[in-house]
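Asks: Numbering (our numbering), first residue to last: 8 to 138.
The set of hints was computed from the structure by calculation and includes no laboratory data.
Just so you know, not all the hints are guaranteed correct.
In silico BS3-like cross-links for lysine-lysine, where the CA-CA straight-line distance does not exceed 27 Å [claimed, not checked]:
1) LYS86 <-> LYS12
2) LYS12 <-> LYS44
3) LYS56 <-> LYS86
4) LYS137 <-> LYS115
5) LYS116 <-> LYS64
6) LYS137 <-> LYS116
7) LYS137 <-> LYS44
8) LYS56 <-> LYS137
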Amino acid sequence: MSEPKLPRPTDAELAILQVMWERGPSTVREVHEALNKGDASTGYTTVLKLMQIMTEKGLVERDESQRAHVYRTRASQQKTQRQLVTDLLNRAFGGSPARLAMQALSTKKASAEELAELRQLLDTLEEEEKP
Numbered sequence: 008m009s010e011p012k013l014p015r016p017t018d019a020e021l022a023i024l025q026v027m028w029e030r031g032p033s034t035v036r037e038v039h040e041a042l043n044k045g046d047a048s049t050g051y052t053t054v055l056k057l058m059q060i061m062t063e064k065g066l067v068e069r070d071e072s073q074r075a076h077v078y079r080t081r082a083s084q085q086k087t088q089r090q091l092v093t094d095l096l097n098r099a100f101g102g103s104p105a106r107l108a109m110q111a112l113s114t115k116k117a118s119a120e121e122l123a124e125l126r127q128l129l130d131t132l133e134e135e136e137k138p
């Protein structure tokens, strides 16, 4: 039986998830501080409300055993990215991974290392297809 599909995060929720994937389980204050390291200025209460909504949606879990509640993601970064890509693949590219990859690679130049990883992945996929 497969795991239930989590709801698609908004851009703001995805920014919070990014922080939590990098830091691990975090308090609202820790996420707020990490989000505000750059030019952005997100209020503490905004981050708190977003994390409460994310808890209701099932994107994060809240540990209330300590005074400062600790939040953790329900899904790994890889699982979330895979779910987002699958959704985009089906909605915008008619289910064609090749069309998605070609569009992605024509949009932004890939580094030599990324191209080498892609070649290795393609070689592996080709080997798996051989009888």
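Asks: Decide, hint by hint, whether the structure agrees.
Replies: Hint check:
1. LYS86 <-> LYS12: Cα-Cα ~10 Å, so holds.
2. LYS12 <-> LYS44: 32 Å, violated
3. LYS56 <-> LYS86: 24 Å, holds
4. LYS137 <-> LYS115: Answer violated: LYS137 to LYS115 is near 32 Å, above 27 Å.
5. LYS116 <-> LYS64: Not satisfied, since the Cα-Cα distance of roughly 35 Å exceeds 27 Å.
6. LYS137 <-> LYS116: Cα-Cα ~31 Å, so violated.
7. LYS137 <-> LYS44: 49 Å, violated
8. LYS56 <-> LYS137: 51 Å, violated
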